[in-house]
Every structure is written in C-alpha cells, then in structure tokens.
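Number of protein chains: 2
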Amino acid sequence: MGGDSGPRVTLPAILSFARQNQDIQLVIVGDESQLATSLPDSQSQLENIRLLHAPDVVEMSDKPATALRNKQQSSMWKAVELVANGEADACVSAGNTGALMAIGKFLLKTFPGIDRPAICKTVPTAKGHSYMLDLGANVECSSDQLVQFAIMGSELSCALDGSERPTVSLLNIGAEAIKGNEEVRLAATMLSENPHVNYLGFIEGDGIYRGDADVVVCDGFVGNVALKVSEGVAQLLASTLQASFKDSQYGRILGWFARPLLRNWHNKFEPGRYNGASFLGLQGAVIKSHGGTTAEGFISALQVAKEQVDKSIPQRINERLARFFD
Amino acid sequence: MGGDSGPRVTLPAILSFARQNQDIQLVIVGDESQLATSLPDSQSQLENIRLLHAPDVVEMSDKPATALRNKQQSSMWKAVELVANGEADACVSAGNTGALMAIGKFLLKTFPGIDRPAICKTVPTAKGHSYMLDLGANVECSSDQLVQFAIMGSELSCALDGSERPTVSLLNIGAEAIKGNEEVRLAATMLSENPHVNYLGFIEGDGIYRGDADVVVCDGFVGNVALKVSEGVAQLLASTLQASFKDSQYGRILGWFARPLLRNWHNKFEPGRYNGASFLGLQGAVIKSHGGTTAEGFISALQVAKEQVDKSIPQRINERLARFFD
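Chains as they are written, first to last, in our numbering: chain A, 1 to 326; chain B, 327 to 652.
Simulated from the structure, these hints should not be mistaken for lab results. Every value quoted in this text rests on a predicted model; they were computed, and no experiment measured them. Treat the hints with caution; some may be incorrect.
As the list claims (entries may be wrong) - Heads up, simulated DSS-like pairs for lysine-lysine below, C-alpha to C-alpha not over 30 Å straight-line: (1) A/K246 x B/K594; (2) B/K453 x A/K246; (3) A/K127 x B/K637; (4) A/K127 x B/K594; (5) A/K268 x B/K435; (6) B/K637 x A/K268; (7) A/K246 x B/K572; (8) B/K572 x B/K435; (9) B/K435 x B/K594; (10) B/K594 x A/K268.
Said to hold, decoys possible - Which chain B residues face chain A? A few, computed with CB under 7 Å, are given here: (11) G462; (12) Y535; (13) V548; (14) A552.
Quick reminder that beta carbons are idealized off the backbone N, C-alpha and C, glycines included.
Here chain A stands alone, though its shape is the one from the complex:
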C-alpha cells in the first residue's frame, strides 16, 4: 500500500515479478477490497500470488513511534510479521522508512552485536558497483556502529559478488588520518586493527563513484545526503543534456539519431535500476523501495529481496558477526 502511488505502481510490478518467478510465492498484504478491484481478473489466476488483508495503513507522515504503537493492523506490520513468523523469507515495502525500520526492529530484532540496523544500497561506480551504508537509519553513529556496518557490508559484498576480501572504506572529508570527526577517526583505528575487514582507509565523496572501495561506510545523515545529492546531480545533468539536444534544429536531429545511445546511458544510472535498499542487521530480510519509484523500480526491489534470500544474507551476516564477536 506504501509509496507515493500505492498499489497503482506496486501491483503491476508484483504481477510481472510473479510471472517471471513462478517458483516464488508472493503474498500481497493490504486492503483486500482495494487490491482485489485493482487486480486484473486474468492476473488473479496466478498461482504464486495470494492476498492477505490488512485493514490499516502506515501513512508517510506517521512517526515511527506512532506506527509502532497504533498500526499493528497495517499492511506494513503484517508483512513484517510474516517474516518474523517464518511464513515469508523477505518483506518489501515502498512505505514510510522510519516506520519500516521501527517495526522491523521490533518484530524481527537485530542480530547480537548490532545496535541498530543500517540501510544499505548498491551504487553504480566506474568499476561496476559498490555497497554503501548507512543511508539514513542512524542519524548519528558511534564508532562501534560504523565498525558493525563495515562488517555487515563486507559480508554482503562477499555473498553477492563472491569477492573474498572486499575492500572497505570510511567516508570522510580527506584522506589524512587527522581529518573528520571523532567517531570516524576512532572507527578507522578500530578497523585498521581488525583482521575480519579489509580496511583501505578513508574515502572522499568522489572516490565512491570511482569505485575506490567495494564497501563505503558512513553515518546515516551523511549517507542519506550523499545518496540524494547524487540523484539530484544525475537528474540535473540528464535534463540539461536533454535540453541541449532540443535547443536547436541541429540538436533535435542529432538527438533523434542519438536516442538509443542516450537512453542506454540514462538507463545505466536510472535510480530505479538500483532501487531496493536492505536493512542490514535485522534477523530477516526487509527491503525498502524508494517511495517515488516506478513499477520497474519496484521490480528491482523485489529482485533485491530474492537475492537476499537466495544468498542467505541475514544468516551469513549473523555468522560473520558471531565470528567477529567471538
């Protein structure tokens, strides 16, 4: 039910994903009557989807604490509950991030050694892609938390990309050891002494997109700003490029010929392509889709969920943490 457009976007995505992944059972949690009427007859025949009624909805404006107290009958709560009860392997939502985090933490709990989950996403780089966390779950982070993020991000990179010793960097405002705030500096010391993490040192903002590290660790405030600034720059550059191809007759003709090439380029960095952030550290897979995503973007988020389950990400993170805290 969540996201800027609700089932109008999520439902077509779910149906398309269900058709392409007949081995996956999908439970659509939400207002049954609304979902039933939105569901095309032909599609409701799909054997691998079923509806689960939830009379209530977490609003985008709900505070996490409010959602936790009053929204046990919401689609979000019930979807996370399916994971907590073992009835589902993963939950995907385009709804309120703070509420999803709070409900996830309450129903699923974090693994031992993890204070709070971190939001982690794949970002495109010149070398392929990297993982970045935290992207907004933790406004202020202790050095201990930054170290936890580094361990979880490492394991994610191992699991998804098969890299044996993925490189980890801390996002900072300079490469020198004297730069940055106390938490970052202390985390750097802890990580450089930690045999479980292949710590490279500090990374600056531009290093992320050069692909200088496989895993980039930062607090949620900085990470969220970095992510949204990136989206903003990409949008500005794409729209300005488009405009410059429309500026003149010459440009318009060129633009027509260049269209496949430009579309290809644009798609490569289209935010929807990388949609689907995971809450690492929860004892279960919870995936957050961007609220303003398209159906294609929501399919990406569903694929992230599938990947998390296929590669047993939560379990692997737990095992890695257990080794670390041993």
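Starting from the known structure of chain A, arrange chain B on it as the hints suggest.
Relative to chain A, chain B alone:
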C-alpha cells in the same frame, strides 16, 4: 606556489587575468627565483603584476597548527598578511585548505559574532545557481554556527545576485521537522524565528540541484561530502556518456557531430567553472581554489576574488552581522 601543479598552473592563469584586468594590481607571492624563471620575458613586462619573494612554502601535508607555528615565511602566510596589512584587497590560494583557514583566522580574525569562518561556494542548479556553506572548514557545527552561516550566505546572495530576500534552507535528511540531528533541528527553530533570514525550511540533497533554495546551509562534514559526491557523479556520468559515444562506429560518427553540443553541456558543469570558494566570516577576502584545478579554473578563482572586492562582501557581511547582533 600551492595546488597540485603549483606555478605551472597558477602563473599562466594570473598572467591571463592580469592582461584582462589592467585596473587590478596583482602580487604574485612565492619563491622569486622559481617564479622569475617560469615567467615568460614578454609577460614580466605587464605593469600590473609584481613578485613578492617568500622563501618557504606550506606543504599540502602540513597540519594547520604546524603551518601556523612554523610557516611565517611561506607564500601563503605572506599573501594573507598583505590583506591583513591593507596592502591587498583579497588573497587567492590553491594550497592547503586547513592551513589557509588557520592563517586567515590568525592574521585577519573573524568578524564579531562569528566563531569560525565557513567555506562557501556557488553550485549550479536547474534554476541557475545557489550558494552552499560550510564545505569543510567546520567538521562539527553548533546550531549557533549554522545560523551564522545562514546570515552570511544570505548577505552574499543579496550582494552578488541583487536578490532582496534570498531563500535559505538547512540541508537535512527529510523535510519533516522531526528529522535530523539536534543541531540542525535547533538551528531550524532559531532561523524560523529570525526576521533577518528568509528561512524556507529543510532541504534534501536532491533539492540543492533543483535550486529549491538560494542558500543551502550545512555543517562542513556533510557539505564537503555533498560537494565531492557531486563532482564524482558528474565525472562518472560524463565519462560514461563519452564512452557510449565511442562504443560503436555509429556512436563515434554521432559523437563527432554532437561534439560542440556535448562540450557545451560538459562545460556548464565543469568543476573549474565554479572554482573559487570563499572563507566567509573573515575580516578580509580569502579565496581557496581547488588544488587540482586547471589554469582556467584558477582564473575563475581570481574572478571570485575580484567579485568579493567589487561587491565589498566582507564589509557587507560585517554590517549584516552587526544589525543581527544588535
């Protein structure tokens, strides 16, 4: 002497700027013998440039405290000193940012009411441009400092763009009042009660490039990351676009025809175009050029200095602060 390439980049820029601005007297501070040999004979005839010898140099790796203690004979120190003594109206350096800040603060002092200067830069937006501060001078900022930045940024926008009541936003990770850390939330309360600032509310990372506010205020850690992330994304997008025009014979031919258009687009966001950050809050104009800039970029930094002097930025900021603290 500063920057990644030293006089090899700065000198041609200074000469070109001197030729174009015959009414401006330029003092080139640095190692006289090195500068004299680098200076083409024809150019040393320019009447509006002179050399000032400085036997020492602040290295990029020098800590601010070291520069302050041991580098009184450096080109950076002597250049700032010219401003402090009233012998120059502005100082431009491509050198060590932290040292420039420390020496600037020591020799020029900040205006009453300003704890520490803020680094401020023009950023391109969908609507034209905005001003963003702090970009790295203050890793952690109190709410008082954020308010000081808002006032200084406002005055800068008034002075440079002639806007009467420029809009000011605080960079945050959500538009809601409950988001963000304590300093940002407290600063928001202070700004919304402040008649001297046209405070709009919070802005998210993507809002900067949409041009949602004329002035964007944040702490130096977040601002520096945002700036460098922006550069990284722009580089990645530009290089990928270039690559996709080289991927095929078809692309190469198209690319040839599209070259002027693409160059135009690229130039619009070329970091050099916006090179030149000012230390707002100092009792004098000090401009920091990107260390890795080109000669063209260094000319931009010189132009920023000219603008600061022409529009009496430091004096205007002082007057605005005096009204505010009255």
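Hint-by-hint comparison with the structure:
For the hint pairing A/K246 with B/K594, the CA-to-CA distance comes to about 16 Å; that is within 30 Å, so the pair holds. Among the hinted pairs, B/K453 with A/K246 is consistent with the structure: their alpha-carbon atoms are about 18 Å apart, no more than 30 Å. Taken as a hint, the A/K127 and B/K637 pair is broken in the structure, with Cα atoms around 45 Å apart against an allowance of 30 Å. At roughly 26 Å between alpha-carbon atoms, A/K127 and B/K594 fall within 30 Å of each other, so this suggested pair holds.
Between A/K268 and B/K435 the CA atoms are separated by roughly 49 Å; this puts the pair beyond 30 Å, and the hint is violated. Taking the CA atoms of B/K637 and A/K268, the gap is about 44 Å. The hint is violated against a cut of 30 Å. Distance check on the hinted pair: A/K246 and B/K572 sit about 22 Å apart at the alpha-carbon level, within 30 Å; holds. A threshold of 30 Å between alpha carbons decides the hint, and for B/K572 with B/K435 the separation of about 53 Å lies outside it, so the pair is violated.
At roughly 36 Å between alpha-carbon atoms, B/K435 and B/K594 are farther apart than 30 Å, so this suggested pair is violated. For the hint linking B/K594 to A/K268, the alpha-carbon distance of about 22 Å falls within 30 Å, and the restraint holds. Taking 7 Å as the C-beta contact cut-off toward chain A, the hint placing B/G462 at the interface holds, the least distance being around 5 Å. Given the 7 Å rule on beta carbons, the hint for B/Y535 holds: about 4 Å separates it from the nearest Cβ of chain A.
The restraint placing B/V548 at the interface with chain A holds, with a minimum CB-CB distance near 5 Å, inside the 7 Å limit. Taken as an interface hint, B/A552 checks out: its beta carbon lies about 5 Å from the nearest beta carbon of chain A, inside 7 Å.
In the structure shown, a violation is registered for the earlier hints numbered 3, 5, 6, 8, 9, in ascending order.
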